[in-house]
Amino acid sequence: GQQVMQIPQYQHVQEGEDFTTYCNSSTTLSNIQWYKQRPGGHPVFLIQLVKSGEVKKQKRLTFQFGEAKKNSSLHITATQTTDVGTYFCAGRPLINAGGTSYGKLTFGQGTILTVHP
Amino acid sequence: EPEVTQTPSHQVTQMGQEVILRCVPISNHLYFYWYRQILGQKVEFLVSFYNNEISEKSEIFDDQFSVERPDGSNFTLKIRSTKLEDSAMYFCASRANYEQFFGPGTRLTVL
Chain P
9 GQQVMQIPQY
19 QHVQEGEDFT
29 TYCNSSTTLS
39 NIQWYKQRPG
49 GHPVFLIQLV
59 KSGEVKKQKR
69 LTFQFGEAKK
79 NSSLHITATQ
89 TTDVGTYFCA
99 GRPLINAGGT
109 SYGKLTFGQG
119 TILTVHP
Chain V
551 EPEVTQTPSH
561 QVTQMGQEVI
571 LRCVPISNHL
581 YFYWYRQILG
591 QKVEFLVSFY
601 NNEISEKSEI
611 FDDQFSVERP
621 DGSNFTLKIR
631 STKLEDSAMY
641 FCASRANYEQ
651 FFGPGTRLTV
661 L
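These protein sequence lines map, in sequence, to chains P and V.
The working numbering puts the first residue of the first sequence at 9, with every later residue one more than the last.
The working numbering puts the first residue of the second sequence at 551, with every later residue one more than the last.
None of these hints come from the bench; they were simulated from the model.
Predicted model, so just to flag it, every value in this text is computed and none were measured.
Accuracy of the hints is not assured; some may be wrong.
Stated by the list, open to error - Derived pair list, reagent style BS3-like, types lysine-lysine, alpha-carbon separation capped at 30 angstroms:
1. P:Lys-78 with P:Lys-59
2. V:Lys-592 with V:Lys-628
3. P:Lys-64 with P:Lys-78
4. P:Lys-59 with V:Lys-607
5. P:Lys-67 with V:Lys-592
6. P:Lys-78 with V:Lys-628
7. V:Lys-607 with P:Lys-78
8. V:Lys-607 with P:Lys-44
9. P:Lys-67 with P:Lys-112
10. V:Lys-592 with P:Lys-59
11. P:Lys-65 with P:Lys-44
12. P:Lys-112 with V:Lys-592
13. V:Lys-592 with P:Lys-64
14. P:Lys-112 with P:Lys-59
Make the full structure from the sequences, and use the hints.
Structure (structure tokens):
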């Protein structure tokens, strides 16, 4: 079955430093989503990437989707203490003629980000 | 802003007992999901539901699990005979387009 691997598992940074988490799928994806989960909270949708090579920015966050649509990254510039949490990528398999995916997402293991003030 | 709600927030049960976890998805959403997250681990897909039937399910979603949409608003997950390893946070999610909105979760503890 489809596997989504995410690295690193943990990242500790000083406030102001940059942070990057990487996501790699064993299969080609239709699209990839990123979620943030604060400690004790639930996943909150950040963004969806659909196109090969797509890059999207949200303020200090930059999301990339690989050319082969099998990998993705999230980069945070100049981290703040409000960035703490676990960042998950979640891939949706490529829709093919054999079936339809109604939105099944396979989540990566997540990267736990700690920001020290 | 509309949100997904879940009840109860915490459920404690004895092994072998049945539990029903309840969710109220966002009202105009058509796709519904259950996920679980064992403490400190990743979010795992259980089942998706569309047009009053299961559209996909994972290998975790065995015969002990069932889902229902008994009326126009509720979406439930039933575990017939709970096991210790069912202890986890269970999240309901719904969507209209591509963005999935997660509920706050129900923490299930099986003793």
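Outcome of the hint check:
The suggested pairing of P:Lys-78 with P:Lys-59 holds, with an alpha-carbon distance near 11 angstroms, which does not exceed 30 angstroms. The suggested pairing of V:Lys-592 with V:Lys-628 holds, with an alpha-carbon distance near 21 angstroms, which does not exceed 30 angstroms. A hinted pair counts as satisfied when its Cα atoms are at most 30 angstroms apart, and P:Lys-64 with P:Lys-78 qualifies at roughly 17 angstroms. Only pairs whose Cα atoms come within 30 angstroms are accepted, and P:Lys-59 paired with V:Lys-607 is accepted, the gap being roughly 27 angstroms.
Of the supplied pair hints, the one linking P:Lys-67 and V:Lys-592 holds, its CA atoms being roughly 26 angstroms apart against a limit of 30 angstroms. A threshold of 30 angstroms between alpha carbons decides the hint, and for P:Lys-78 with V:Lys-628 the separation of about 35 angstroms lies outside it, so the pair is violated. A distance of roughly 23 angstroms separates the Cα atoms of V:Lys-607 and P:Lys-78; the hinted pair therefore holds under the 30 angstroms criterion. Under the criterion of a C-alpha separation no larger than 30 angstroms, the hint pairing V:Lys-607 with P:Lys-44 is consistent with the structure, at around 24 angstroms.
Note on P:Lys-67 and P:Lys-112: the hinted pairing holds, with a Cα-Cα distance of about 28 angstroms set against a maximum of 30 angstroms. For a cut-off of 30 angstroms, the pair hint linking V:Lys-592 to P:Lys-59 stands: about 25 angstroms separates their Cα positions. Between the alpha carbons of P:Lys-65 and P:Lys-44 the distance comes to roughly 15 angstroms, so the proposed pair stays at or under 30 angstroms and holds. For a cut-off of 30 angstroms, the pair hint linking P:Lys-112 to V:Lys-592 stands: about 15 angstroms separates their Cα positions.
At roughly 24 angstroms between alpha-carbon atoms, V:Lys-592 and P:Lys-64 fall within 30 angstroms of each other, so this suggested pair holds. Annotation: proposed proximity of P:Lys-112 to P:Lys-59 holds, straight-line Cα distance about 19 angstroms (limit 30 angstroms).
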